[in-house]
Every structure is written in C-alpha cells, then in structure tokens.
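**Q** The residues making up each chain are set out below.
There are 2 protein chains.
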Amino acid sequence: MDSRPSPAPAAPGAPLSYEQSGVVYELIDPLKVAAQRAAAATAVNLAAHGFSEVKASRGESAYVVDVGPFYLASIVECLGSKALVADEMQRLTGHSWYAGIAQDTIAMAINDLVTVGATPLVVQAYWAAGGSEWFTDAERAGTLVAGWKAACDTCGVAWGGGETPALAGIVAEGRIDLAASCTGIVSPKTRLSLGDALVPGDAIVLLAASGIHANGLSLARKLAERLPQGYLTPIAPGLAYGEALLAPTPLYSPVTEALARAGITPHYCANITGHGWRKLLRHPGSFTYRIERLPEVPAVLQFIQQQAQMSDEDAYGTLNMGAGFAIFVAAADAERTVEVARQAGVAALVAGRVEAGAKQLLIEPLGLVFGSDALQLR
Amino acid sequence: MDSRPSPAPAAPGAPLSYEQSGVVYELIDPLKVAAQRAAAATAVNLAAHGFSEVKASRGESAYVVDVGPFYLASIVECLGSKALVADEMQRLTGHSWYAGIAQDTIAMAINDLVTVGATPLVVQAYWAAGGSEWFTDAERAGTLVAGWKAACDTCGVAWGGGETPALAGIVAEGRIDLAASCTGIVSPKTRLSLGDALVPGDAIVLLAASGIHANGLSLARKLAERLPQGYLTPIAPGLAYGEALLAPTPLYSPVTEALARAGITPHYCANITGHGWRKLLRHPGSFTYRIERLPEVPAVLQFIQQQAQMSDEDAYGTLNMGAGFAIFVAAADAERTVEVARQAGVAALVAGRVEAGAKQLLIEPLGLVFGSDALQLR
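From first to last, the protein sequence lines are chains E and S.
Start counting the first sequence at 44; every next residue gets the next number (my numbering).
Start counting the second sequence at 44; every next residue gets the next number (my numbering).
Isolated chain E (complex conformation):
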C-alpha cells in the first residue's frame, strides 16, 4: 500500500525491519529540515503583537509562546496508520474499534502538549474521510464521537469543534485520516518544563504503556500479513493480536495535572512515540541517562519483538516497550511522582537517573547503549 516501489517481501520467518514496513524517514527529513528552518524564521512576527516565542520549544513536542500572564502551547498531531488496523478488525469482528482510535488520536496531541508543562484546554477534531459515505456507518461514526468525547472528558479539555471533510481522491476510499490539534496554557509560568532545570542526579520516572500506542503500526501491520491467522492470532489466552494492537494509548495529562497540584514540577518530559526509547535522548543537553529498572513489556510488544525477530536494540529503539512517557524529576520527588501517577490511574516506576557525562542512554538490564547520534530531531 505504500506508494514508493514496494520492498521485496520478507521471507516468512525472516527478521522484519522498519524500512521493510514502508516508511522511509530519509525521504521526509530534508523537507522537515527546510520546514523547521522556515518556521523558526517566522518567530519574529510575534514581536508586532508584543509577544515572543519560547525559543527552547523549537524542536520540542509543542510550540510555546509567551503571551504575558502565561505561556500558550499548541500542537497538531496525526494518528498515523492505526486506523487501518481498526478497519481490518471491524471487518473481522463485525464491530467498530473507533472509540479507542479516537482516544489514540487525542493522546497523540495531549501527551505531546503536556511535555512542556501545559494544561490542555481545547481540542479540535480533524476527521478527513475518503468519501461522504464513511459517515454512514452509524455505529462506527458513533463510537468515534463517543470515544472522542470520553477522551476529552478524561483530559479535562473542551472539544472546540473541527473539520469533517469528505476528500475523495485525496484520502483513500473507505479510509479516514484522523488528527487532533490541541491548545493549552502553561500557568503559572513556573510550570514550563523545557529542560532548563534538568541536572545530574535527577530521576527518570517512566509511565506505563498500554501496548503499542500509535507508533510502530506500519511494522505491526506488516507482521500481521505474515501470521497465518493474521490479526486473529492469539497472543495470550483470549487476546487476539489485532485486539491487543488496538488497546488505546493512555492519556497522561491527568498525571501531569496531578503532579502540578502536588507541587511537583518535572524538570523535563519526553513522550515515548516514534524512535522508542531513543526519545529519552530528546533533551538538547549532554547527559548520560542510566536505566536500571525496566517496566513490564506489554504482551503485544513481546509478541512483535519475537515474531519480527527484533534485537533488543531494534525493539527499544523503535517501540515503547512498556514506557509510554518519561518524567524527569528531582530525585527527592521521584517516589512521590510514582505515587501521584498511580493515584491518577497510571502505573509508574523510578527507572533510572540522569548523570553527568557523554550524551548516551544506557539500558543496563539489557546491556544496551544508544549514543548521541541515535536521535536526530533538530
């Protein structure tokens, strides 16, 4: 389904790489670099309004502007290809999986927005269908609406509105392109967590993932093609592969808001999405991140690693492997951060610490080292 020349199909049983799954980051990156440079050059426009950007937010997960009494944070995020799994599972099971897909889409935006210390306030829906008839499946449309509302309620945001275009000829027939934009504020301004405060000795707290979330789905879909029972392959008693893939992404804003109420200000946050644990290297400074304890790996990610014959390096460098979100806090706040997260309904653990030293991520239980060149986002 990828539009570039298809890679040679992997032989059954052969390892499956992310390249084979059809996403070629090298082809996107030159445009990304050009866009980032052009975008950075527009920051001066804010001066005419008496405002300024928070420059450290360039290259971070949400863009931040100083509007005086507080900071304004905004973002737009795409679901990606997870909806294709929902479509196939609806065909196989006869019911809609779009309530979870709605939560996934909002999670992509909310979980990025909160990394900078923002309280999300408004979500806008972008639902671009391949044709008007997408909306005639009343159950599917209803679950999308209900799931979207439920996720907004969980995050304490207002669903402001959105767009529901029918884009025949642009969006593929029978498909939907889902995205969410989110606007929030950082208030008080001391909640800003762009990383200035990160210091050696800080603890790394990892919030639990529910499954694959919405990153790595191209690989997961490619793998489904190789399984004799496809998405219906049981990966645990009573749990099919497709169902496990569709576990909705947790919404982490209840945790970050609870931390604020508890008086804990993270020194930095990283949403673990594409590039897996390499996202722990996101902070622009030079630190060594030492991981001593690993979270439990969701069954679906264990299954993918095993079936795709991925090395630990590939798996942890691509997938979340049980860590959905990283919060870097003062060591003295570490255990309380875990407790606050648990009370907000999200399992967490103190996984390691920040140290002075070369920029690298050491995952000690697995003997893995990711160097400073493992993540190029800026």
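To be clear, the hints were calculated from the coordinates, so they are not data collected in a lab.
These numbers come from a predicted model, not from an experiment.
Heads up, some of the hints might be wrong.
What the hints assert, rightly or not - Label-pair restraints from in silico Cβ distances:
id	chain 1	residue 1	chain 2	residue 2	range
1	E	137	S	268	34 to 40 Å
2	S	279	E	111	45 to 51 Å
3	S	87	E	179	28 to 34 Å
4	S	102	E	279	42 to 48 Å
5	E	400	S	102	54 to 60 Å
6	E	72	S	87	39 to 45 Å
7	S	84	E	305	28 to 34 Å
8	E	329	S	102	50 to 56 Å
9	S	244	E	137	55 to 61 Å
Positions of the beta carbon are idealized from the N, C-alpha and C atoms, including for glycine.
Dock chain S against the given chain E, drawing on the hints supplied.
**A** Same frame as chain E, now just chain S:
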C-alpha cells in the same frame, strides 16, 4: 474519484450540480450533529481550570474560551480538494503550484479565526502525504514550505511546527492532505465579534475575493472534465482555467488587524466559504440582509457559472462570486472600513445593510431571495 457510487455522468452541455460533483452533505451532517452535541457537552470541563467557553462561539467559525485577561480562539481547517487541481496543473505545466496551495490552506484557518475578533498568533502545519516519496519532489516541497512561510509572514503569525506524516493506505498515492490549525487571542476582550452587537442599520462590507478560493473545487474539477482543453482552456487572454482556479485565497487578517488599529470593531464577520453567499445568513439572529451593490465577479467564477449553466441562485448560493469575507459594521464606520481594507491591500465595498425583519438575504441587483432555511449550520 469519489468513493460512493458515481452519479450518472452529466451529458456535455447539461447543467452541473454540486451533487453531481460528488459531495453529499446529507451523509456527513448526521455525524456532524452528533459531534456538535458531544462537543458542546465537554464545555463544563473548563470549569476545573477556572475558565469557561464563550458559548456564542459554538457554531461559529472559531471556538473561543475565556481565559481571564483575554479570550483564546482556536481552529483546525482543511484545504479540501484544491491540491488535486495543483497536481494536475503541475503535470500540464511542469512546475509546482504549491506556494499558492500553502496560502490557501492557511487562509482557510486564518480567515475563519479572525471572524471572532481574534489576532492569529500561531499556525501549525498538517501535511499528510500518501507516501514518503511525496517529499522527494524538491521543487514542489520547496514551494510548499516557501508559500507557507510567506503566508505566515503576511498574517504576522509564528509557524509553530506541525506534522508531515507519510500515510500510505490512508492518503491516496501521490497525494497530500493539507490542513492548518491556528491559535490566537482576542485582546482586548472588547474585540470579540460574535454578533451580540449586530443591529438593524449596520452596514455590510464585502472584501474582494481573488477567485474560487478553496470552496467549490469539486464542481470546478468536474467541469474541467467536460472542457475539451480541460484546465488549459483559456478563460481570458493568457489565462488558463487551471491557473485561474489556483489564484491563492486572500489572507484577510491584515484587514481585521488594521481595523482594530483604526478603532473599528466589527459587529460580526462571516468568512464566505462553502454555501457561498448563504454564509451571510450565518448570524443566529433574525435580520434581513439587503444587498444593493455587487462586487465584481472574478473571471473564473463567471466562467464556471456560464459553463456549468448555473442559475444566479445556484452560483451565489454555492460560490463566493467575488465576496470573500463579510464585515458587518456600524453604518458610520462603513466607508472607513472600506478605506482601511484598501490600505491593507484588499478591495472592498459597502454592499448593503442589515435591517429588522424576517431572516433573509435579499440580493436586489439579481432579484434573489435566500430564506432562513437556506443555511443550516447549528
């Protein structure tokens, strides 16, 4: 290319309706209604943060939240199918038309956001391609980036960032799904223009359109199929149909910002997009809108009306027919509003006035009447 069963092809020379062009609003609307209801029910979530929505913004072109010192406005908007015209014209002419397409996309968001009185501050880009290779056409990608930046500069907004996913299987091969989200503030709060101030006697000022903008493109593309020379059909000396269609949508925020600096607060604004002049009925109140003077109709819209054999009622009820944006101001401010717009580079005219009476739009020079049932947005 539409995914529902194709309508019977219109005989050459037969009138062409919007239904035949493949967009069936009736199929989308039940979902829209359900989504609007669910969205409205999330407003209460803002109370936990000490904020509240501005309820009158529900059903308007941008969503507004009262965050204390000012109002926050946000929106996400889709370009629609205009990129398909750019793709075909690139094939025919050998060069990229994406600089204008970028401006169109931003205009869709900015021109909606400013209707509520907001100053746009941040734009986020949503560029979802059918595959990684979309981005390898360096000229096309470069014009998209350059056009996006230029539009941000014109509007005085910061380009915050965005998403450039490759969505093979969801976005059609070789295509791109373009959208923009925009966040702004209404400051001072007295700039809020949700319509409370609209009264009989107010003037209706229309800002000039540059062409078809980004609404009515399904019809325009269908028409191209019927023309022997297609998009290369000359519609005026040296002007091909496709080129005329691709005239970028004006950015109206320089006008609304200039009005604010001039001390003119619109009583209401309507961005003339889908539903053409019926959008003049957007205000929820009961007023009669009497139009006595018409703006010049861009050549491309004259051509479409003629070739598609559209009645004036169809043309003015579907297309902008030269009016890109309506500003309702106190009669005493009308001429000055026109002058401020002209100084900001946008032609304008005082086209008519608001009167007490049944909700209807009277376009006197054409003898047209659109009643209260002509526009159903809420």
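**Q** Decide, hint by hint, whether the structure agrees.
**A** Right, here's what the structure says about each hint:
A hinted range of 34 to 40 Å for the beta carbons of residue 137/E and residue 268/S is consistent with their spacing of about 38 Å. Checked against the hint of 45 to 51 Å, the C-beta distance between residue 279/S and residue 111/E comes to roughly 50 Å, which is consistent with it. As the Cβ distance of residue 87/S to residue 179/E is approximately 31 Å, the hint placing it in 28 to 34 Å holds. The hint said 42 to 48 Å for the Cβ distance between residue 102/S and residue 279/E, and at roughly 47 Å that hint holds.
Separated by about 56 Å at the C-beta atoms, residue 400/E and residue 102/S satisfy the suggested range of 54 to 60 Å. A C-beta distance of roughly 43 Å is found between residue 72/E and residue 87/S, which places it inside the suggested range of 39 to 45 Å. In this structure, residue 84/S and residue 305/E meet the distance hint of 28 to 34 Å, their C-beta atoms being roughly 29 Å apart. The hinted window of 50 to 56 Å between residue 329/E and residue 102/S holds, with their beta carbons roughly 51 Å apart.
A C-beta distance of roughly 60 Å is found between residue 244/S and residue 137/E, which places it inside the suggested range of 55 to 61 Å.
The structure shown violates none of the earlier numbered hints.
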